[in-house]
Amino acid sequence: MPENTSRVTAAVKRPFLNSRMTLSYTEWPNHGAPLVILIHGSRDHSRSWDAMAEALRPKYHVIAPDLRGHGDSGWSQDGRYDFAAYLSDLAALAQELGLGAERRAALIGHSLGAHIALRFSAVYPDKVRQVVAVEAVGALPAIEERRLGRMIEKRIGDWLEERHAASLTPPRQFASIDEAEDRMRARHRFLSATQAHHLTRHGLKRVGEANWQWKHDPYLAVWPFPDITPDEARTLWRHISCPALLLYGERSWPSGVPADLLRAIPHVREVRLADSGHWPQHDAFDACRAAIEEFLAE
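Under my numbering, the first residue of the sequence shown carries the number 26, and numbering increases by one thereafter.
Calculated from the structure, these hints are not laboratory results. Note that the coordinates shown come from a computational prediction; the quantities given were computed from them, not determined experimentally. Watch out, some of these pointers could steer you wrong.
Quick list of the computed label-pair ranges, beta carbon to beta carbon [claimed, not checked]:
hint	residue 1	residue 2	range
1	M176	E319	44 to 50 Å
2	A218	L42	33 to 39 Å
3	R45	L185	22 to 28 Å
4	H292	A116	21 to 27 Å
All C-beta atoms in this analysis are idealised placements derived from N, C-alpha and C, irrespective of residue type, glycine included.
Could you put the whole structure together from the sequences, leaning on the hints where they help?
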């Protein structure tokens with residue numbers, strides 16, 4: 026993210042509904058231009074895309090939803106944050122935007138958002154003209170090993186206990202924005218001070234008269250129980266008919282997912298970005314933007 030994020034003024038917040046849940050998206054209008062939908066990752070928010078949206082807005086109409094439980098969207102009353110739920114929300118947004126054969130969108134997703142974008146592209150090929158998956162990886166190696174290294178009955182029991190513990194854990198609070206910003210920089214060491222401030226400012230909400238807490242639902246700390254098998258995921262990816270671009274930071278964590286995606290998606294290519302961790306859209310903004318703009322222009 027470039028250092029001028031404080032000058033972003035074009036973003037407009039808009040609500041939409043999926044069944045009984047009120048959700049939110051941020052819009053950078055350019056009516057009549059091709060539509061681009063930016064989908065953020067876990068425990069992030071739509072304003073994380075400000076710099077990318079501003080770069081794309083001269084040529085594209087840009088939309089960035091807040092996923093359920095994130096940003097200004099509602100929290101799931103039953104703590105449901107699985108792919109089926111996210112896809113249902115994105116399908117509701119697609120209907121809100123009038124997507125179909127006459128109006129298709131390019132999807133750009135990061136991390137969790139990348140996997141949502143890939144699945145949506147497979148299920149609704151008539152609504153997607155291109156898809157960009159930024160850091161479509163699996164869980165951190167330690168988490169993946171812990172999840173897959175247990176018998177199914179143990180995994181289910183542990184998952185239920187983690188959900189129960191999350192329901193009893195109060196959201197973490199901060200005495201100031203600076204304290205939350207320090208936390209952000211400690212977890213994402215590639216961020217500049219300006220980037221960390223921007224992401225933190227838009228990711229917090231006021232609690233009482235003195236404290237702050239993250240907007241996202243604490244339930245998001247619990248990984249959703251796997252909904253489909255790896256083989257089923259690969260089958261799904263094979264149904265992506267639009268051109269696909271995979272973007273990865275060379276200093277992110279190791280994962281076998283990129284190789285699986287390259288083998289499964291019919292029309293796909295991969296770009297690796299140097300000096301970037303898990304957030305290439307921040308860590309290597311110029312290179313990430315250039316790769317996306319070149320791909321979208323094709």
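Tested hints:
1. M176 - E319: 44 to 50 Å: About 47 Å separates the Cβ atoms of M176 and E319, which means 44 to 50 Å holds.
2. A218 - L42: 33 to 39 Å: 38 Å, holds
3. R45 - L185: 22 to 28 Å: This hint holds: roughly 25 Å between Cβ atoms.
4. H292 - A116: 21 to 27 Å: 23 Å, holds
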